[in-house]
Amino acid sequence: MKAAPAVVLALVPASLVLGIAFGSVDLAPAQLSDALLGRGDEIVREIVWGVRAPRALAGFACGGLLALAGALLQVLLRNPLADPAILGVSGGAATGALAAMLAGAAAAGVSVSAFAGASLAALAVFGFSLGRSGWNPYRVLLTGVALASGFGALVGLMLALAPAAQVQGMLFWLLGDLSPAGDPWAALAVLAACAAVAFSQAGALDVLMLGEDKARSLGVAVTRLQAIAFGCATLATVAAVLLGGTIGFVGLVVPHLLRLSGVHRHRALLPLAACLGGSLLAIADTLARTVAAPAELPVGVLTAMIGVPVLLVLLARLR
Amino acid sequence: MLSATGLGLSAGGRELVRALDLSLAPGECWALLGRNGSGKTSLVHALAGLRPPQAGAVALDGVPVAAIRRNALARRVAVLLQDEESGFWGSVVDFVALGRYPRSRTSFARDDEALGEARRWLAELDLADHEAQAYRTLSGGERQRARIAQVLVQDADILLLDEPLQHLDLRHQGLVMRTLAARAAAGKTVLAALHEPGHAARHCAFSVLLYDAGRASPGRSSDMLTQANLEALYQCRLEAAGTRSFLPS
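Listed in order, the protein sequences are those of chains C and Z. Mapping the first sequence onto the working numbering, position 180 (from 1) lands on 180, and the numbers just tick up by one. Position in the second sequence (first residue = 1) + 319 = the working numbering.
One chain only, chain Z, in its complex shape (with noise of 0.2 Å):
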């Protein structure tokens, strides 16, 4: 159980996110929507315990997890981050192997297990055919895949990830979204920053909203997703697009 209580981020003088209390329990799949700036990353570095908040606290089982070893918080918490490097020179299943560092530590570690799973993730993710490619020469939405791997890899208990969509067509937002979907139902915690409120209705039973002025409100997807929500939400008029707007199945 990942939980934030009372939890305050602001950046640059601008306060994102003001006393919200937020419980992700296993199993859970979790939707974090919220306009461009509104706080997502923030918020998904502070649950990471990758950024201290400005109040409240982050806690893993009770733990606050700032007080939690970085190894034994990487067994637990995964995260994708909206940006990383991409400057990797070796292979695409080495890239994605890295993710078993957690769970390998030695230098002498025979790495089978980790180019497994590595594989077996790659498969999931429709990049098999990739896997003796230079990472580097990926394109923008398979580099993208690999590095969902990559978190996957890592088999923590808690998948967090910011914008695991960018980038990607809509035949792969379906697939991550599926397999996301999937894992919570085999009990992990899953919470995604998403930009489309149609993938987090469909996959997402839970969905955290981050409104201005710091106002955050989580709750069951089916009562957090109405028209009028989504209006506050991204300070847009929206319409039922009709026949025309498409998710996969």
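Just chain C, same shape as in the assembly (with noise of 0.2 Å):
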């Protein structure tokens, strides 16, 4: 399938435009395309300059990302199942968030705690995973994977112990939500750095799915490799959960795609991953907002709702 990366950089614009085009507010083409080039009603522009183009751009930003961490981790661990709530990440970054806003703490402090959480899973799996020998694939999947639930267990108990009034905005960060996401351009920021790392890198990465022996006897520095991969992952995790919140399924099923079309070098894989990856989460959260407007659904079920889906398909049409 030679029309993969064509059909995939189409989707970029598109899933922007869909994202400014539609949301709670109908606008009509011509309000939007003057809104578009800075003319017309000050509030129409508003609502396309202030309120839906940040939105769309922080959607593909957290899309991106995940997607990129979950290909990096999938050639890291040689396992096609990694994911980016695999490194533990995701779960710090919740047990953090949620403590935060059981002590009542504003959405600042949420993303500061947050922040904490993930960072100090990271280090965890960081420390445990490197080990006298070097690295252990194994080790990653298994500390990652420990954490996780550990982080699991603590999760549900704040959500046992929260007030109902603020269950529903824990279950909504738990579940992704782009709605709290504010500026951009830090996450988008992270993106193109961690993306222009990662494909530096590209050629090195085809390499070490040979295994770390055959990548080292082909000139690989395999354990340098490795540290620069899983830490532009957990970066870009971190950027992305901050961002989103724990959306699923993006981060494993965008890798996959572009592999079962044919895709596979990581020149190519990486920098369609971040736009694929982009571009579906920009799409499922233009749908969260509009398919139950006014009311907002929380992204992470439309991601799985589309995810699984078309990556059944796929599976079951190779062979």
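Since the hints were derived computationally from the structure, they do not count as laboratory data. Be a bit skeptical, because a hint or two may be false.
Output of the computed footprint for chain Z on chain C, the stretches with three or more beta carbons under 8 Å from beta carbons of chain Z [unchecked claim]: (1) 200-209; (2) 216-223; (3) 257-267.
What follows is a set of in silico ranges between Cβ atoms, one per label pair, in the way DEER data are often shown [claimed, not checked]: (4) C/L142 <-> Z/P371: 25 to 31 Å; (5) Z/P371 <-> C/A227: 18 to 24 Å; (6) Z/H486 <-> C/A227: 55 to 61 Å; (7) C/S149 <-> Z/V382: 46 to 52 Å; (8) Z/T324 <-> C/V308: 56 to 62 Å; (9) Z/P383 <-> C/R139: 29 to 35 Å; (10) Z/S405 <-> C/V7: 27 to 33 Å; (11) Z/A442 <-> C/L142: 42 to 48 Å; (12) Z/R497 <-> C/R139: 41 to 47 Å; (13) C/W185 <-> Z/H486: 50 to 56 Å.
Note that the structure is a prediction, hence the values are computed from the model and not measured. Note that CB positions come from ideal geometry on N, CA and C, so glycine has one too.
Two chains, two frames, a set of hints: combine them into the complex.
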């Protein structure tokens, strides 16, 4: 399927336009084009540039970060089921965020606490996995899984203890929700930086698919490469989680969609994963905002509803 | 010239190789023979700089391999490992072209040259019809030949191969041995861990025999591959198999 890269690249502007065109207020095409060009009604301009464009970009950044992290982790751990959530970072962030909500912190406090939780989890995975004899993918996996289930228990405990009025906000955070996402520029900058660093290692990542010893014999400094890729994946996951909470399936499904359509070299896979993950999440978020408008659905539910059947169909077609 | 001096290797508390002195010169084809568990793989890994020896050192043209940067070493020494990951997603020709990585390091490099080399070696190893196939769908023997093609594509001066003939049928065993011998004749250094002394006698002028308890003896195949030595090596009685044992011509 040679068409995959072109389709993915075309999705990027399409998804952003969709995110700007649709919302709880209906705008005519003429109003939209005026506002995009900086003309016309001031309220419409504010809706387009002040509300919808940042939200669409936040969705794009979040999805791109998750898909990039997923693609990196899948080659790093040589495990097709690797997903940003297995780093334990999402669990750490969720625990931090819910603890802050329980303590009655404001949005900024929730973000800081989520960041602290995510960093703690990342440090723990790093610390336990980089042993005396170098890197051990299985230890990364097991440490991540152990931490994630520990954090899961803490999250459950806080949900049980929380007053009823707070539980809905917590659930939205846990299911993934972009409505509190503010300025997307920091996340977009992290996305660009992580994608550039990961892309610079694309050839070495291809070789790493052959196994660590083989990669060494082909001239790859494996431990250094793993540290770079793991660092990128962690940073990307933290940035995504801070923006949108724990949004599942994007990181797992998007790299597989690309591989199943014939993209497997990392110099194509990594940038396309960032683009496709971003587009899909921007589209999912547009749906989340409009399907039950004026109410908003948690976007994480929609990514699962879209991602799971698509992956299953592709898997069924493969042999 | 790849040389080991006073090399000592042990694994799992067992001494595999003791005080081995070995020099592999350009143009030489070496067979590495020994029982299961005698240390063939450990020796290949040590020579390739993939594991540090317990004693002694491995040097490439006098420079310890441990002191050579990975990418510089990869342009001089290629190694076929016994077990490799089989989870490669791409096509056979893409798989083989990865062997070119040490020579084309940037993501932007055109890979026409790598693909050309990959196709050439796939054709040499009887896999030309499979180049577009997904690597995962190859049979065990086809996969083994693709892995050998990947090593040849690397175009290193020294080729270390751990059981290159595993999974191969008789015809392709002959093809691979002839290809390796031709590389040696073209000035490369070849060392292959083998289980069939007949191939060693026919294609490799030199042999290293790894006996029990760390004793290793290198030398000319014509001197080394005697019935007495092989009986001591494999610890079983051997007999000439007469007219019902065959090797590819």
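Requested in this report: Starting from the hint list further up, note which numbers the structure goes against and sort them upward.
Outcome: Hint 6 contradicted; others consistent.
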